[in-house]
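**Student:** Each chain, letter by letter, is given below.
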Amino acid sequence: MIVEFKPQWSGMITPARQMMAFVFRDFSLTKRYFGWVVVFTFYAMVNSATIALIGVAAKDEQLTLTLIVGVLLWSFLSVLFNEIASSVAYERWEGTLEYTFMAPVSRLIHLFGVSLFAAVYSIVRLAIVIGALAVFIKLDLSRANLWGILVTLLVSSFAFIGLGLMAAVLPVLSPERGAEATNIFQGCLLLVSGVYYPVEILPGWLQPLAQLSPATYSLSACRKLMGIGSGQEQLVGAPVSAVVPELLTLALMGVVMIPVGLWVFGHVERWAKKTGKLKRTG
Amino acid sequence: MHKVFRKRKRQGIFRYTRTEQWAVKDVSFEVALGETYGLLGPNGSGKSTLIRILSTLLIPDHGEVRLMGHKLPDEERAVRWKIGRVSVDAAFYKRLSARENLLYSAYLYGLEPKRAEKRAFDILERLGIESRRFSDPLEEMSRGMQQKVSIARALMINPPMLLLDEPTTGLDPKSKRDVQRFLEELREEEGTTILLTTHDMNEAEHLCARIGFLAHGKLVAEGTAEELKEQAQAVTLEDAFIKMTGESLNDDKEEGGKT
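Chains A and B supply the protein sequences, listed in that same order. So the first sequence is numbered by our numbering: it starts at 1 and just counts up by one. So the second sequence is numbered by our numbering: it starts at 1 and just counts up by one.
These are computed hints drawn from the structure, not numbers from a lab. All C-beta atoms, glycine included, are put in the ideal place defined by N, C-alpha and C. One thing to keep in mind: the hints can contain errors.
[What the hints assert, rightly or not] Beyond 12 Å from chain A on every Cβ pair, some chain B residues (computed): (1) K25; (2) E30; (3) Y93; (4) E130; (5) S131; (6) S150; (7) Q180; (8) F182; (9) M201; (10) N202; (11) A209; (12) K218; (13) V220; (14) V235; (15) E238; (16) D239.
[What the hints assert, rightly or not] Okay, derived cross-link-like pairs now, DSSO-like style, lysine-lysine, Cα gap no bigger than 27 Å in a straight line: (17) K82/B to K94/B; (18) K243/B to K277/A; (19) K277/A to K82/B; (20) K174/B to K274/A; (21) K25/B to K9/B.
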């Protein structure tokens, strides 16, 4: 007897469940590797505190806040970027890449599912790091424009998701060197984005690269919203209207980078299927 | 269909040479709906490459591939809904439990998790895995058990076509028998079309309605086990294979698409 294959799914339920697949998988893996999550979060907490304490030692509140904004924003954006960019590398190590790629899931759903978990994970980790910082440093954020910062983080996330999608192709292009290249790419972002220093102090030939990094605009906006560099004795966060140019640039980057990232990923996936690069390594 | 793998080999700091290796050359065969078709060949003969092409994971250089009425690679999305694959290496998140791995697959295929889980657990029980093991990490399971979970994963979506790449290689005799019996039941009860690659002559003879001999990426002969023995004037299928391909099933060669 031949059984007619009748899909039992329809409409939006299937894409929603497919997106949930990646959230469920990454949540389950996070539980299983919880020891490592604790280690990395502890390192992030200590790293943030040591960097912020440089400002405290200099008895310079502006410097302290500049460093705190840098360390927190980088903590959030780097985890978001890294989770997305490394998703293919993780699958290569686990040996599951072929099974994920032969599932009837569009790459848009696949990568957005990965990004959704990455965003939630980054926010939770950021909250823990902020909590830890409060133990070391007295933070008075009562005059900061926290809602504005939240909006900036949200808008920045899209640009970083786009960047992550582009970087995620590297392990597809090179099973052997792709993961390493992803880290170099992330290191370059850290260097040029003015995370701990103004981009103006970079060598002239590096400064144009700062304009291409979404982190440059996120940091600039967040520092204004925190009241850093306002020149007033009492730090007062700027209104959102003061960071509209940064927000528009970030939004534009997101609008461009996400489709470009997906397009690049699609082309590299097809190339990998022609050359046999999808097969398991590691 | 044809498939060539091109490799770049470093000869010096800036010098590379390019080599080409045929993985599949001029292979053409048809499998009827509900049929179990076996591909027999030693390592490196192109079996895994063929399965990967049919699984939408490789794009052939030339030739036409049609699966369940859909052309590949143009209609790969439609094909993916209709195939289940079991490879020789049970590729899982080894730290996750069988239940977590299967639920992940269920979500990937848009299935209602509870129904999919029940179907997967029914399959696992029929394959001889006790329900108390479902929550154990895969890394704590034997290879045979992992392979059974892999089969449950492929069948959870109830695919009309099953691509099995050496599903019983490395299994203990009991696990091997469990899997073989289950495949027979599946064919009888569900009418699933099965493409099976194997080294095992007895398995091929026992399970497959027709068998193809694959050597050096070419399909050398095909037919029922009896037809192949008759063509080769051999007593056993293994003798027929050796006579028709000039090599033994234990010969190992490098295959471009092999894991």
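**Student:** Hint by hint, note whether the structure agrees.
**Tutor:** Each hint tested on the structure:
A cut-off of 12 Å between C-beta atoms confirms that K25/B is not in contact with chain A; the least separation is 15 Å. A cut-off of 12 Å between C-beta atoms confirms that E30/B is not in contact with chain A; the least separation is 16 Å. With a closest Cβ-Cβ approach of about 5 Å to chain A, Y93/B is found to fall inside the 12 Å limit, against its non-interface label. Here E130/B stays apart from chain A, with its beta-carbon at least about 22 Å from theirs, past the 12 Å limit.
For S131/B, the requirement that its beta carbon stay farther than 12 Å from each beta carbon of chain A is met, with the minimum near 19 Å. Once the 12 Å rule is applied to beta carbons, S150/B is inconsistent with being away from chain A; the minimum gap is 9 Å. The beta carbon of Q180/B is kept farther than 12 Å from every beta carbon of chain A, the shortest such distance being approximately 21 Å. A cut-off of 12 Å between C-beta atoms confirms that F182/B is not in contact with chain A; the least separation is 16 Å.
At roughly 27 Å from the closest C-beta of chain A, the C-beta of M201/B stays outside 12 Å, upholding its exclusion from the interface. The Cβ of N202/B lies farther than 12 Å from every Cβ of chain A, with a closest approach of about 27 Å, so its non-interface assignment holds. For A209/B, the condition that its CB be more than 12 Å from all CB atoms of chain A holds, with the nearest at approximately 15 Å. The Cβ of K218/B lies farther than 12 Å from every Cβ of chain A, with a closest approach of about 19 Å, so its non-interface assignment holds.
For V220/B, the requirement that its beta carbon stay farther than 12 Å from each beta carbon of chain A is met, with the minimum near 23 Å. V235/B, annotated as away from the interface, keeps every beta carbon of chain A farther than 12 Å; the closest lies near 35 Å. A cut-off of 12 Å between C-beta atoms confirms that E238/B is not in contact with chain A; the least separation is 29 Å. Against the 12 Å criterion, D239/B stays outside the reach of chain A, whose nearest CB is about 33 Å from its own CB.
Restraint check for K82/B and K94/B: satisfied, since their Cα atoms lie roughly 26 Å apart, inside the 27 Å limit. This hinted pair does not check out: K243/B and K277/A have alpha carbons roughly 35 Å apart, beyond 27 Å. Restraint check: the Cα-Cα separation between K277/A and K82/B comes to about 24 Å, which is no more than 27 Å; the hinted pair holds. For the hint linking K174/B to K274/A, the alpha-carbon distance of about 39 Å lies beyond 27 Å, and the restraint is violated.
Under the criterion of a C-alpha separation no larger than 27 Å, the hint pairing K25/B with K9/B is consistent with the structure, at around 23 Å.
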